[in-house]
Structures are given as C-alpha cells and as structure tokens.
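Visitor: Given next are the chains, with one letter for each unit.
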Amino acid sequence: MTEPQLPSLPALIRQPQGLAALSLRQWDLLLRRLRASNLLGRMAVQADAEAPVPAPVRPHWLAAQRLALHQRQAIRWECTHLAEALAPLGIPLVLLKGAGYALADQPAARGRLFGDVDLLVPRQALTQVEAALMLHGWSSRGTEAYDQRYYREWMHELPPMVNHKRATVVDVHHNILPLSARCVPDAELLLADSLPIPGTPFRRLGPCDQVIHSATHLFHEGELRNGLRDLLDLHALLTEHSAAQADFWRALLARAERLGLVWPVLLALRYTQTLLGTPVPPEALVEARRRAGWGSLRLAWMDALYLRGLRAPLPTELTLRDHLAAAALYLRAHTLRMPLHLLVAHLGRKALLRLVKHSSRST
Amino acid sequence: MRPALAPERFLIQRWPDGIVVFDRLLGDTHTMNTATAALFERLLAQPQQLPDVAVAQLAAEQGSSPALWADSLAQLGNSGLLPRH
Amino acid sequence: MQRVGDLSLAALKDGLRAGRLGIQTGPIWWQVQSKLPDVARSLHALYAAHPCQFDPEFADYHVELRTPWNLRRWLRPQVQFYIDGEAPFEPLPRDQAPAMLEWGLNWSLAASAHQWLNIHAASLERNGQVVVLPAPPGSGKSTLCAALALRNWRLLSDELTLIDPDSMQAHALARPINLKNASIDVIRAFEPSAAWAPEVYDTTKGRVTHLRPPAQAVQRMQESGTPRWIVFPRYVAGAEPLLTPRSKVQTFTHFAENAFNYSILGELGFATVARLVEQCDCYDFSYSRLDDALEVFDWLLNPDD
Numbered sequence: 001m002t003e004p005q006l007p008s009l010p011a012l013i014r015q016p017q018g019l020a021a022l023s024l025r026q027w028d029l030l031l032r033r034l035r036a037s038n039l040l041g042r043m044a045v046q047a048d049a050e051a052p053v054p055a056p057v058r059p060h061w062l063a064a065q066r067l068a069l070h071q072r073q074a075i076r077w078e079c080t081h082l083a084e085a086l087a088p089l090g091i092p093l094v095l096l097k098g099a100g101y102a103l104a105d106q107p108a109a110r111g112r113l114f115g116d117v118d119l120l121v122p123r124q125a126l127t128q129v130e131a132a133l134m135l136h137g138w139s140s141r142g143t144e145a146y147d148q149r150y151y152r153e154w155m156h157e158l159p160p161m162v163n164h165k166r167a168t169v170v171d172v173h174h175n176i177l178p179l180s181a182r183c184v185p186d187a188e189l190l191l192a193d194s195l196p197i198p199g200t201p202f203r204r205l206g207p208c209d210q211v212i213h214s215a216t217h218l219f220h221e222g223e224l225r226n227g228l229r230d231l232l233d234l235h236a237l238l239t240e241h242s243a244a245q246a247d248f249w250r251a252l253l254a255r256a257e258r259l260g261l262v263w264p265v266l267l268a269l270r271y272t273q274t275l276l277g278t279p280v281p282p283e284a285l286v287e288a289r290r291r292a293g294w295g296s297l298r299l300a301w302m303d304a305l306y307l308r309g310l311r312a313p314l315p316t317e318l319t320l321r322d323h324l325a326a327a328a329l330y331l332r333a334h335t336l337r338m339p340l341h342l343l344v345a346h347l348g349r350k351a352l353l354r355l356v357k358h359s360s361r362s363t
Numbered sequence: 001m002r003p004a005l006a007p008e009r010f011l012i013q014r015w016p017d018g019i020v021v022f023d024r025l026l027g028d029t030h031t032m033n034t035a036t037a038a039l040f041e042r043l044l045a046q047p048q049q050l051p052d053v054a055v056a057q058l059a060a061e062q063g064s065s066p067a068l069w070a071d072s073l074a075q076l077g078n079s080g081l082l083p084r085h
Numbered sequence: 001m002q003r004v005g006d007l008s009l010a011a012l013k014d015g016l017r018a019g020r021l022g023i024q025t026g027p028i029w030w031q032v033q034s035k036l037p038d039v040a041r042s043l044h045a046l047y048a049a050h051p052c053q054f055d056p057e058f059a060d061y062h063v064e065l066r067t068p069w070n071l072r073r074w075l076r077p078q079v080q081f082y083i084d085g086e087a088p089f090e091p092l093p094r095d096q097a098p099a100m101l102e103w104g105l106n107w108s109l110a111a112s113a114h115q116w117l118n119i120h121a122a123s124l125e126r127n128g129q130v131v132v133l134p135a136p137p138g139s140g141k142s143t144l145c146a147a148l149a150l151r152n153w154r155l156l157s158d159e160l161t162l163i164d165p166d167s168m169q170a171h172a173l174a175r176p177i178n179l180k181n182a183s184i185d186v187i188r189a190f191e192p193s194a195a196w197a198p199e200v201y202d203t204t205k206g207r208v209t210h211l212r213p214p215a216q217a218v219q220r221m222q223e224s225g226t227p228r229w230i231v232f233p234r235y236v237a238g239a240e241p242l243l244t245p246r247s248k249v250q251t252f253t254h255f256a257e258n259a260f261n262y263s264i265l266g267e268l269g270f271a272t273v274a275r276l277v278e279q280c281d282c283y284d285f286s287y288s289r290l291d292d293a294l295e296v297f298d299w300l301l302n303p304d305d
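Chains as they are written, first to last, in my numbering: chain Z, 1 to 363; chain F, 1 to 85; chain H, 1 to 305.
No wet-lab data here; the hints were simulated from the structure. Heads up, some of the hints might be wrong.
Quick list of the computed label-pair ranges, beta carbon to beta carbon [stated by the list, open to error]:
1) Z/160 / H/6: 35 to 45 angstroms
2) H/250 / Z/148: 35 to 45 angstroms
3) H/85 / Z/148: 30 to 40 angstroms
4) H/295 / Z/160: 29 to 39 angstroms
5) H/204 / Z/144: 37 to 47 angstroms
6) H/111 / F/46: 54 to 64 angstroms
7) F/17 / Z/147: 41 to 51 angstroms
8) H/191 / Z/324: 51 to 61 angstroms
9) F/46 / H/166: 32 to 42 angstroms
10) H/263 / Z/23: 53 to 63 angstroms
11) F/60 / H/250: 47 to 57 angstroms
12) H/18 / Z/324: 55 to 65 angstroms
Counterexamples of contact, computed for chain F against chain H with all Cβ distances above 12 angstroms [to be verified]:
13) 11
14) 18
15) 27
16) 38
17) 51
18) 63
19) 82
Source: prediction; values computed, not measured. Glycine residues also receive a C-beta, built at the ideal position from the N, C-alpha and C atoms.
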C-alpha cells in the first residue's frame with residue numbers, strides 16, 4: 001500500500017482549513033511529518049480553533065498543546081533565573097531567537113518548541129558573564145576538553161552553560177556568527193539597535209536584525225531538521241514587522257547590506273514567499289537579488305539544495321537526490337563557518353570519536 | 001530581581017504532615033514540613049512583614065523558641081521564597 | 001475483532017515485514033514494522049490476545065525494529081528501535097530485539113503521551129479500584145506485579161501507569177511484564193503455566209525476559225479504574241509482611257521526581273499528583289513471601305474482615 005497523498009506541510013500551514021478535508025489515513029501521515037519536523041505544537045496551537053480534529057487525533061493534539069505550553073512557560077522561568085544572575089552586571093542582555101520572541105510575546109513564539117536560551121552580550125563582558133553564571137549554578141563542566149577548546153579558542157565562544165539544578169542550557173554569544181565565518185557582522189551595530197523587552201531586564205534585536213539573524217542562522221545550518229520551523233519563524237517575523245513599519249522592506253535590505261548579510265535575507269524572502277505565501281513585495285525580491293549580486297545559476301543551485309528539504313519530508317520519504325542535497329548542504333554550512341584547514345581537522349576528529357564510541361559499547 | 005511573594009503565585013496542597021507548593025512564576029515544586037509551612041503561609045499572608053518578625057510571632061503563639069525555626073528560615077531562603085526587603 | 005493469535009505466524013511475519021500490521025494496547029494503536037523473525041515470534045506469543053488490524057487507517061505510533069546500518073552489521077550484530085524514522089536509543093545486541101521493542105514502546109508513551117500523567121509505576125485493578133506500585137529498580141515491584149496479575153488482580157501496566165488528569169482514571173495497556181534475574185525463577189515457580197519470551201542476557205541488566213499478560217487483562221484492557229491505593233513495595237529477604245502508612249507529602253515528592261512528564265504538565269502535573277495522592281491511601285510495604293503479599297493486598301480490599 002502506498003502512502004496516501006497529502007498536501008505538503010507548507011501548503012497546510014498556509015491554509016489550515018485544508019485540515020478539515022483530511023482522511024484519517026492522511027492525518028496519520030501528517031502527524032508523523034509534523035513530529036519529525038518539530039511542528040506538531042505549532043500546528044496544534046495555531047490551527048485548533050479553525051478546524052476540529054477527528055477523535056483519534058485529539059489526544060495527540062492535546063499532548064502537543066500541553067508540551068508547547070510547557071516550553072513557553074519553561075523559557076520564561078529560565079529567563080527569570082537568568083535575570084537574577086545577570087541583571088546586576090549592568091550590561092546589555094539581548095535574547096536571541098525563540099527566547100526573544102517568547103519574552104517579547106511575538107507571534108513567532110506561538111506553539112513553538114524552544115531549546116537552549118541564546119544570549120548576545122558584548123564581547124568584553126564574556127568573562128564576567130561566565131563568572132556570574134557559575135556563581136548561580138551554571139557550568140560548562142559537561143563539555144569535553146576538546147569541545148571546550150573548539151568553542152573558546154577556535155570559535156571564540158563560551159561553551160554551552162548547563163544549569164546543574166534544572167539541566168537547562170544557555171548559549172552565550174558575542175556575535176551571531178562565529179568569528180571564523182566568512183561574513184561576520186559588526187556586533188556593536190546589533191547591540192546598538194536592540195530594543196528593551198518591557199517588564200524584564202532583557203533586550204531583543206531590532207526588527208530588521210531579528211529577520212537577518214533568523215535568516216543567517218537558517219541558511220548557515222548544516223541540516224534542515226528544523227528548516228521549516230525556522231522558515232515559519234521568518235514568515236511570522238516578516239508579517240509582524242512589515243505590518244508595524246511602513247518602510248520595513250527598504251529598511252531590511254539596507255540593514256542587511258550594512259551588516260554584510262544580504263544573501264541570507266534574499267533566500268529568506270524567496271523561500272517564505274514561495275512556500276508560505278508571505279506577502280513579500282516583488283520590488284523587495286528584485287532589490288535583494290541586486291544587492292546580493294547573485295545570478296540565476298547560483299539561485300538555481302540554492303533552490304536545489306533547499307526547496308525540497310524545507311518542505312520537511314519524513315526521513316523515510318527521502319530520495320537519493322534529497323540525500324545528495326543534504327550532503328552538499330552539510331558541507332556548504334561547514335565551509336561557511338570555518339576555513340577549510342580547520343574544518344578538515346574538526347570533522348576528522350568528530351568522525352573518529354563516533355567510530356570509537358560505537359565500537360566500544362560492550363555486548 | 002527576586003519576584004514578589006504573592007498568594008496567586010502559588011498552588012498549595014496541605015496534608016497533616018506538611019504541604020507541597022507549586023511556584024507558578026518559576027516552575028519550582030517545594031515540599032515543607034509543618035513548621036516551615038506555617039512560616040511560609042504566614043509570610044504569604046503578610047508579605048510586608050520581616051521574616052524574623054514572623055518567626056518571633058509564630059514562636060510566641062506556639063510557646064516555642066525562635067531558634068527552632070532556623071532550619072525553616074534557611075530552607076525558605078535557599079528556595080528563594082523569602083520576601084526581599 | 002481479529003487478534004494477533006488468530007493469525008498464523010507466517011501471516012504475522014508478512015504483515016510485520018511490510019510494516020502493515022497494527023496492534024492495539026489499551027487506548028493506543030501501534031503500527032509495527034520488522035523483518036526480524038524473533039520479533040515476529042515474540043509478538044505472536046506475548047501479544048496473542050491483543051487486537052490487531054492490517055493497514056489500520058490510523059495508528060498512534062509507527063515503530064520499527066531493524067539492524068542498523070553500521071560497521072557492526074556483520075561482526076557483532078545489533079538491533080535498533082525507530083519511531084517515525086528516528087532512533088531515540090543506542091543500539092542493543094541483536095538477541096535483545098523483542099525486549100527492545102517493549103522498552104521502545106514504553107519510551108514512546110513516556111516521552112510524548114501528555115494527554116495523561118505518566119508515572120513510572122505498576123498498576124492493577126480489582127473491583128474497579130486500582131493499586132499503584134511505584135518503586136525504584138531492585139525493590140521487587142515487578143515480581144509483585146506479576147504475582148498479583150497472575151492471581152486475582154487485573155493488570156493495567158507493569159511499568160507505565162497512565163492517569164487521565166480530568167477523570168483521574170488509570171488506563172490499561174495490558175502489555176507483557178518485564179522481569180529480570182531471580183524474579184524470573186520466582187514467578188516460574190509461582191505459576192508454572194505462564195507463557196514467556198525466550199530469556200536474553202544483558203551485561204548491565206543480567207537475565208531479562210517478558211511474561212505474557214493474562215488473557216483476561218487483555219480482554220478487559222479498555223476498562224479503566226479509579227486509583228485507590230499507592231503502595232511502595234520493598235523486598236526484604238526473610239521479612240514478615242509489614243504494611244505501614246506512608247506520608248502523603250513524601251509520596252507526592254516521589255511522584256514529582258519520578259513521573260515522566262510531571263514537569264511538562266506544569267501546574268496540571270502538580271494538581272494531578274496532588275489529587276492522586278489525596279484520593280489514595282498511601283503505604284510502604286515490605287515482604288519476602290509472595291503469598292504473604294497476596295494476603296495483604298486482599299486485606300486492602302476488605303480491611304474490615
């Protein structure tokens with residue numbers, strides 16, 4: 001029996017009224033796809049009011065809603081704890097991505113699954129921040145010695161800090177890309193344009209920077225496991241900010257050029273519009289292409305890498321072509337982050353570790 | 001930065017040998033013996049009161065020494081449940 | 001309604017190989033895929049009474065057991081559990097495939113079934129009332145659970161107790177009971193007619209196998225029950241049976257720390273555990289002989305006798 005035909009995830013997200021027409025068999029497949037791409041919570045929270053779901057689906061919808069609610073609360077709780085540790089330092093504390101959206105109550109946070117808290121601070125404050133965190137029960141103790149060096153010396157970052165009581169993780173950054181990457185933006189500009197989150201000691205990136213950061217992150221990622229989720233973040237951010245600000249699109253592209261990160265924004269505009277129907281003005285798309293200086297061939301290559309993967313097929317649905325695209329994406333992402341000689345050493349070491357780990361398990 | 005001690009912040013379940021408390025602001029769960037529970041609930045009822053004063057009052061009511069409440073004070077302190085003054 | 005035992009082993013194997021077989025445990029339908037013959041034999045034996053269906057329209061979870069693609073494939077073969085194509089655990093030695101399926105099913109529910117409060121405990125029903133047996137490993141909980149299930153208590157679950165936060169009912173899975181080491185011998189002697197999966201040996205756990213759930217438990221698996229007692233068992237060699245009331249505060253603390261999704265349910269988790277502990281009589285129970293234990297549990301039902 002072949003799998004039932006199902007509208008793609010992006011299509012269903014664009015038009016959730018399509019859910020009402022699904023058969024039980026299609027629901028079975030849909031739930032699996034949503035789970036695999038970490039979008040079940042989002043769908044369950046956003047679509048619930050619009051379409052009642054069949055009885056066998058309801059427990060899964062409810063479970064996903066509860067998980068999403070918990071995640072939302074957990075990020076607030078974690079930020080409250082972080083505030084206690086870091087607010088006394090008197091430095092800007094900029095929450096990036098999910099944590100930022102959640103605390104600022106932005107639409108992008110609805111039904112979202114959150115992971116670590118990502119925090120941006122001035123580079124010269126890193127040591128202070130690490131000390132304050134350690135005083136309040138966070139440490140990078142769990143990270144292997146090799147990985148510590150990777151973070152501190154090669155990437156000039158703090159390793160992830162784990163709180164020993166709650167097992168939660170905070171990633172402290174001083175830039176949105178590693179220093180070894182090809183196009184590192186000026187962090188001072190990001191901090192300067194950040195906005196306070198009312199009722200908290202935290203800040204978030206300015207509207208354009210939120211989009212640029214999200215796009216930069218997505219298109220530097222080595223795999224598309226959360227690709228559609230990240231694209232949905234972008235859709236929510238673009239929709240929110242373009243409605244609030246009259247000249248948003250112009251400002252976005254000008255800012256992207258200022259930060260040296262036009263091509264991720266180009267791809268973001270292109271794919272949100274194609275897959276999710278984000279109302280990107282045609283002029284903005286044209287302008288983005290012009291500023292990025294990318295020709296049709298380059299764009300076609302990007303489409304080959306991204307378009308299918310962003311539709312979030314199940315692991316069991318992947319074809320050879322998908323695997324090849326995924327491999328190319330993986331390599332591309334790494335070369336974007338690291339010069340080649342560092343990359344070879346790093347990947348070699350990682351591969352060796354995996355081999356050793358799996359062969360040493362006793363039988 | 002410590003959040004205020006307000007009744008709506010907590011869910012409480014009471015049993016003969018103590019209470020369990022859910023802190024809705026921080027997501028923490030606490031268990032307290034009867035002594036600590038008495039102190040905690042007194043502080044919740046009168047959030048402006050200093051902890052030492054609350055202890056003195058309770059001690060007087062129960063005819064016990066304030067020193068016996070040291071552990072309870074310590075537990076509430078460690079759990080971040082003492083009001084900030 | 002078709003049951004697994006109605007199928008020939010050959011038909012079952014075909015269905016499993018094609019990934020077209022659905023098996024029901026309580027409220028959950030599993031679509032199971034595996035080419036491994038021992039998995040088929042184990043399902044045929046242990047799940048004989050469970051309802052099954054070819055190509056179910058809807059399955060709550062799609063699971064698979066297969067040998068993973070790695071270098072060890074020929075040297076020391078392994079088996080891996082997949083749910084929707086993802087592997088949540090490290091692979092295990094190949095001969096542990098049937099056991100791995102059981103652990104995988106437990107994990108799947110514990111990790112995602114937040115429509116319920118999921119507690120690491122055994123649960124059994126009698127007269128509509130349910131006894132919950134939480135216990136850390138080594139406490140003899142599984143042995144006790146098996147003995148009760150083989151006598152006059154209806155097995156709901158041996159590892160994963162499911163509590164509905166709205167109705168406060170405990171739901172049944174009626175799945176095979178996991179037993180290890182000496183427990184296996186004790187229960188074999190206790191009930192010689194019981195049906196078992198083949199034993200395997202694991203370096204960390206020791207001897208491991210699963211016991212087929214009593215047919216009556218499976219037939220009545222859609223019936224829930226009302227939790228009435230929480231009993232923390234502890235096997236103490238040579239001990240006389242001793243049932244003592246247990247602090248509700250301490251019982252609450254145990255569940256808060258040992259329920260799989262207590263944190264995830266947040267306020268609802270707190271409220272559900274509080275209600276559960278409030279509505280149940282809580283005990284500690286130490287014993288050495290199973291017959292003593294059965295008597296004490298009978299007494300629970302009729303304390304005025």
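Visitor: Next step is simple, just say for each hint if it's right about the structure.
Guide: Now for the hints, and whether the structure bears them out:
1. Z/160 / H/6: 35 to 45 angstroms: 53 angstroms, violated
2. H/250 / Z/148: 35 to 45 angstroms: With Cβ atoms ~40 angstroms apart, the hint holds.
3. H/85 / Z/148: 30 to 40 angstroms: 33 angstroms, holds
4. H/295 / Z/160: 29 to 39 angstroms: Given range 29 to 39 angstroms: violated, Cβ gap about 54 angstroms.
5. H/204 / Z/144: 37 to 47 angstroms: Since the Cβ atoms of residue 204 of chain H and residue 144 of chain Z sit about 23 angstroms apart, the hinted range of 37 to 47 angstroms is violated.
6. H/111 / F/46: 54 to 64 angstroms: Violated, since residue 111 of chain H and residue 46 of chain F (Cβ atoms, about 44 angstroms apart) do not stay within the stated range.
7. F/17 / Z/147: 41 to 51 angstroms: Holds - the Cβ-Cβ distance for residue 17 of chain F and residue 147 of chain Z, about 47 angstroms, lies within 41 to 51 angstroms.
8. H/191 / Z/324: 51 to 61 angstroms: 57 angstroms, holds
9. F/46 / H/166: 32 to 42 angstroms: Distance hint for residue 46 of chain F, residue 166 of chain H holds at roughly 36 angstroms.
10. H/263 / Z/23: 53 to 63 angstroms: Since the Cβ atoms of residue 263 of chain H and residue 23 of chain Z sit about 36 angstroms apart, the hinted range of 53 to 63 angstroms is violated.
11. F/60 / H/250: 47 to 57 angstroms: Given range 47 to 57 angstroms: violated, Cβ gap about 30 angstroms.
12. H/18 / Z/324: 55 to 65 angstroms: 28 angstroms, violated
13. 11: 6 angstroms, violated
14. 18: At about 4 angstroms from chain H, residue 18 of chain F fails to clear the 12 angstroms cut-off, so the statement is violated.
15. 27: With a cut-off of 12 angstroms, residue 27 of chain F comes too close to chain H, as the shortest Cβ separation is near 7 angstroms.
16. 38: Label holds. Min Cβ-Cβ 14 angstroms, cutoff 12 angstroms.
17. 51: Label holds. Min Cβ-Cβ 23 angstroms, cutoff 12 angstroms.
18. 63: Residue 63 of chain F clear of chain H: closest Cβ-Cβ about 25 angstroms, beyond 12 angstroms.
19. 82: 21 angstroms, holds
In terms of the numbered hints stated before, the structure departs from hints 1, 4, 5, 6, 10, 11, 12, 13, 14, 15, listed from lowest to highest.
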